[in-house]
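> Sequence:
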Amino acid sequence: MLLWWTTSSIIAISLAFLLLFRNSLPFAWTIRMMAPFWRLRFRDFRSRYLRRSDSNQKQRIPSAQGCDPFEDQFTVKRRATLDECDFMGHLSNSAYPKNLDLARMQYSVNRLADFILDGGWVALGSTSFIFHNEIPILAKYKIVSRIESWDDKWLFLRNEFRGKNRKGENILYCTSITKHCFKFGRKTIPPWFVLAYCGYSSTSEATLIKTNATRSRELRHSLQDDAGKKTVNPLQAFQKITPASIHKAPSWCSPDVWDVAGWDHQRKARLSGLTEYFF
1 MLLWWTTSSI IAISLAFLLL FRNSLPFAWT IRMMAPFWRL RFRDFRSRYL RRSDSNQKQR
61 IPSAQGCDPF EDQFTVKRRA TLDECDFMGH LSNSAYPKNL DLARMQYSVN RLADFILDGG
121 WVALGSTSFI FHNEIPILAK YKIVSRIESW DDKWLFLRNE FRGKNRKGEN ILYCTSITKH
181 CFKFGRKTIP PWFVLAYCGY SSTSEATLIK TNATRSRELR HSLQDDAGKK TVNPLQAFQK
241 ITPASIHKAP SWCSPDVWDV AGWDHQRKAR LSGLTEYFF
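First residue of the sequence shown: 1, per this note's numbering; consecutive thereafter.
Keep in mind the hints are simulated off the structure, nothing from the lab.
Source: prediction; values computed, not measured.
Each computed EDC-like pair below joins lysine to aspartate or glutamate, with the alpha-carbon atoms no more than 16 angstroms apart:
| hint | residue 1 | residue 2 |
| --- | --- | --- |
| 1 | K140 | D83 |
| 2 | K142 | E160 |
| 3 | K187 | D152 |
| 4 | K142 | E169 |
| 5 | K268 | D151 |
| 6 | K77 | E160 |
| 7 | K77 | D101 |
| 8 | K183 | D118 |
| 9 | K183 | D151 |
| 10 | K183 | D152 |
| 11 | K240 | D152 |
| 12 | K153 | D264 |
| 13 | K142 | D101 |
With the hints as constraints, model all of the structure from the sequences given.
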């Protein structure tokens, strides 16, 4: 009886330990980090299989279709678990970048899926944190990510750790700016093209320049053969417009044929403010 009780207690304690500290188990971060990417790949594989067997299946829709890059927000919900808190009873400073990595991955596979599925990858250049308030142990919080600005190479993503205090009032725990560049092999793809290619537009209505979601679908279709197979990867074919290549690069490599002109004023203003505040 004593042996049974002891064995049962050990099992119960072990299960409780695994449950409470599941986020810090070996390979737990890697699995949580890669799971959104694997799900994206599986959905794309299933979609392509259905399109081959049924010609009426719709083509892939750009992941950020109709979203304004400065208004769009992506939210990931989290909790300050025991294994991520320090002896002071709040979320450890080292847990912020770990959870931010997971939020950035989910943002990428949801908003930049077209870029990723075509072989691109999002490289992290730097991360900055400003801590405003501590996150209490076991408190729920959310990470809200949105595009702050970009230049010719880097995209700046603003990530805010938000929650509610004991009075139920909104509170800002932390602000983080992450700097990213977009790669296809060794080639750097400018942020404006990645955003337009994934469907971000300055307007959701038809303009003199076609909305980016429509342009992206047409571009992808134009690079397919009669059987619907991709003959040229748009990211591989992309050429950065320079004075030397302006007459050689495909016309779709120019921002003039995309709905991006409306972004420029706000982009520059935000970039100037960002530089003064964070760098």
